[in-house]
Amino acid sequence: MKAIKPYTQEIEEKIIRYYNSLSEKERRRYAAIEAEKLMNISPNGIM
Numbered sequence: 782m783k784a785i786k787p788y789t790q791e792i793e794e795k796i797i798r799y800y801n802s803l804s805e806k807e808r809r810r811y812a813a814i815e816a817e818k819l820m821n822i823s824p825n826g827i828m
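Residue numbers (the numbering used here): 782 to 828.
No lab work stands behind these hints: they were computed from the structure. Take every hint as true, because none was put in to throw you off.
For lysine-lysine, the following DSS-like pairs were computed, each having C-alpha atoms within a straight-line distance of at most 30 Å:
no.	residue 1	residue 2
1	K818	K795
2	K795	K806
3	K806	K786
Throw the hints in and build the complete structure from the sequences for me.
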């Protein structure tokens, strides 16, 4: 299983600013991509 590495404070702030700039539809797509990344890390899916 791959370990999840935390983002730096700077990267986390950029991600939040980017997410806040998205429309509702784009936010759902972004969330789906992030969920897929987590499922690839954990063999049991999202915990």
